[in-house]
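Position chain B relative to chain A; hints supplied.
There are 2 protein chains.
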Amino acid sequence: MKCKICRDRAVISLPQHNLALCEEHFLARHARIVLDTVKKFRMFGPDDRVAVAVSGGKDSLGLLQILVAEGVSAFGVFIDLGLGEFQAMVNRAVEGFAIRFNAEVVRYSLAEHHGRSLPELVAGRKGQMPCSFCGTLKRYLMNRVALENGATVLATGHNLNDETAVLLANALRWDTPYLARQNIVLASTHPKLLRKVKPLAFLTEKETGAYALLRGIGFVRESCPYSQGARSLWFKRVMAEMEAHSPGTKLRFYKQFLRFRAEHLAREAEAAMRECESCGFPTTNPVCAFCRIVGEGQRP
Amino acid sequence: MKCKICRDRAVISLPQHNLALCEEHFLARHARIVLDTVKKFRMFGPDDRVAVAVSGGKDSLGLLQILVAEGVSAFGVFIDLGLGEFQAMVNRAVEGFAIRFNAEVVRYSLAEHHGRSLPELVAGRKGQMPCSFCGTLKRYLMNRVALENGATVLATGHNLNDETAVLLANALRWDTPYLARQNIVLASTHPKLLRKVKPLAFLTEKETGAYALLRGIGFVRESCPYSQGARSLWFKRVMAEMEAHSPGTKLRFYKQFLRFRAEHLAREAEAAMRECESCGFPTTNPVCAFCRIVGEGQRP
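Chains as they are written, first to last, in numbering that gives the first Met the number 0: chain A, 0 to 299; chain B, 0 to 299.
Chain A on its own, in the form it takes in the complex (with noise of 0.2 Å):
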């Protein structure tokens, strides 16, 4: 297998592209994607400051990494829940990669600002698994610890295969607000709330994982012990079966979704967002979330 450019040895093979390339050309390749991505979608310009949600793993760094290197004003935000070993691994690769790249790399800790670790706040719930309040935590924080740190812009390192995996499920049930919400850009609809950006959206996790590999990005493989995963797993193996059925299926998928929520979905409202009575970041509900969970809302 030879490089597409250079007809040098070839590392990665992209069948939806019908293309082959060596690893210079397909870092190269990468970087540039990312950026034409950010452009086409006017994700962020030249007076942004990007808050890029990392979670230590290839997708995120890798992200951080190339807009670190593009000489883009980015910096890293990074919620530690407290996950005990795992946690510790996280904290060590993205520490590891703040000074390897040079990239600043906010860390935020949940025990140490609101008391309690997630697995202490779940320990207190009966029949709750950490997993149902790690979203809402890791969102609600991102955009705040971002915001507070001088961010006009939240980027998530969702790929391809995530992206797919999500519309599909959303697609099985025609679910019109979750489809209306799924976006590549995602615009601000409140003052505290950043817009969100996903640069990689185009990019499936084989490229991805390449990328880190190729640049030295010492990312964590392992997934969260909590993690249950399962449905998405399903999701993106229907989705990889399809795609290996018919390279591009996934491609196509995502883009022609963006043109059609653009077309018929767009107009969908959105809820009305209001500040949370206790933390006064936006919500759709008197107390937020966030707020609920770590039991901030609930003094009398």
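Derived by calculation from the structure, the hints in this document are not laboratory data.
Treat the hints with caution; some may be incorrect.
[As the list claims (entries may be wrong)] With a cut-off of at most 27 Å between alpha-carbon atoms, the simulated DSS-like pairs for lysine-lysine come out as follows:
| hint | chain 1 | residue 1 | chain 2 | residue 2 |
| --- | --- | --- | --- | --- |
| 1 | A | Lys254 | B | Lys254 |
| 2 | B | Lys38 | B | Lys254 |
| 3 | A | Lys38 | A | Lys205 |
| 4 | B | Lys235 | A | Lys235 |
| 5 | B | Lys39 | B | Lys191 |
| 6 | A | Lys235 | B | Lys39 |
| 7 | B | Lys39 | B | Lys1 |
| 8 | A | Lys191 | A | Lys38 |
| 9 | A | Lys38 | A | Lys254 |
| 10 | A | Lys254 | A | Lys235 |
| 11 | B | Lys38 | B | Lys1 |
| 12 | A | Lys254 | B | Lys38 |
Then chain B, alone, in the frame of chain A:
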């Protein structure tokens, strides 16, 4: 496995409904679902004369049997494309059905009325497959023959497997015109175009197959020797896999689509209909696809 209603021996299990039924209760339920679907979607009423597009398979013959048994003014329309041995087998099955169930079936032969069978039509065109013409020919003739025999509505035997396979293919491309055109009732957009209805759309192949077998309908199990069908079979397989993983997926996918379509796609502009210069039947072109294929619109 026992019948959920009478505790007799069950002959079929329907995991998507968490249901097992004996022969008697399965047959009764099956016919009731068909008639409920007809009623709910106002497919036809007592003043209608219903043509059923008959292929010789389990779905269309089962549907015609139910309507005839229910006293609906229904008849079969059956297109003989002249497909050799396979056609002879289909013709025998349809004739046998008509006698056994006292059903009126109008047979229309392509060769007798238009000079050439489908294989003969295809033989004159290099690189063309019979399948690419078959759909066009049958759609045209079913409508025309039904109309000329006094039908006010045309019912087809599309089942849930057929509908969801097409829907998945269309959804993966987010193909608005195709999605907008897929419905359980296709309204007439021209006086010479019958309303099309799909009374079996909520029933799986397993159900329509079991119904036909238990009713003693001698349907054709073989597929057409020309049938490519690989693409639609592939989508059926993917849907079957998702259904096995999560029973009820197909039914939810289709039912929710109908709601979504009504809400977001119903207003998609229909192509303007005109009358074919050759046959006078509705088309979007000066000469309709049928006349172009059989060569009746090409005379100077």
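Each hint tested on the structure:
1. A threshold of 27 Å between alpha carbons decides the hint, and for Lys254(A) with Lys254(B) the separation of about 25 Å falls inside it, so the pair holds.
2. With a C-alpha separation of about 16 Å, the suggested pair Lys38(B) and Lys254(B) falls inside the 27 Å cut-off, and the hint holds.
3. With a CA separation close to 23 Å, the supplied pair Lys38(A) and Lys205(A) stays within the 27 Å bound.
4. Proposed proximity of Lys235(B) and Lys235(A) is supported: the alpha carbons are some 18 Å apart, at most 27 Å.
5. Taking the CA atoms of Lys39(B) and Lys191(B), the gap is near 25 Å; set against the 27 Å cutoff, the hint holds.
6. For the proposed pair Lys235(A) and Lys39(B), the alpha carbon gap of about 36 Å is over 27 Å, so the pair is violated.
7. Among the hinted pairs, Lys39(B) with Lys1(B) is inconsistent with the structure: their alpha-carbon atoms are about 30 Å apart, more than 27 Å.
8. Restraint check for Lys191(A) and Lys38(A): satisfied, since their Cα atoms lie roughly 24 Å apart, inside the 27 Å limit.
9. About 16 Å separates the Cα atoms of Lys38(A) and Lys254(A), which keeps this hinted pair within 27 Å; it holds.
10. Between Lys254(A) and Lys235(A), the direct Cα distance comes to roughly 17 Å. Compliance with the 27 Å bound is thereby established for this hinted pair.
11. Note on Lys38(B) and Lys1(B): the hinted pairing is violated, with a Cα-Cα distance of about 30 Å set against a maximum of 27 Å.
12. For the hint pairing Lys254(A) with Lys38(B), the CA-to-CA distance comes to about 39 Å; that exceeds 27 Å, so the pair is violated.
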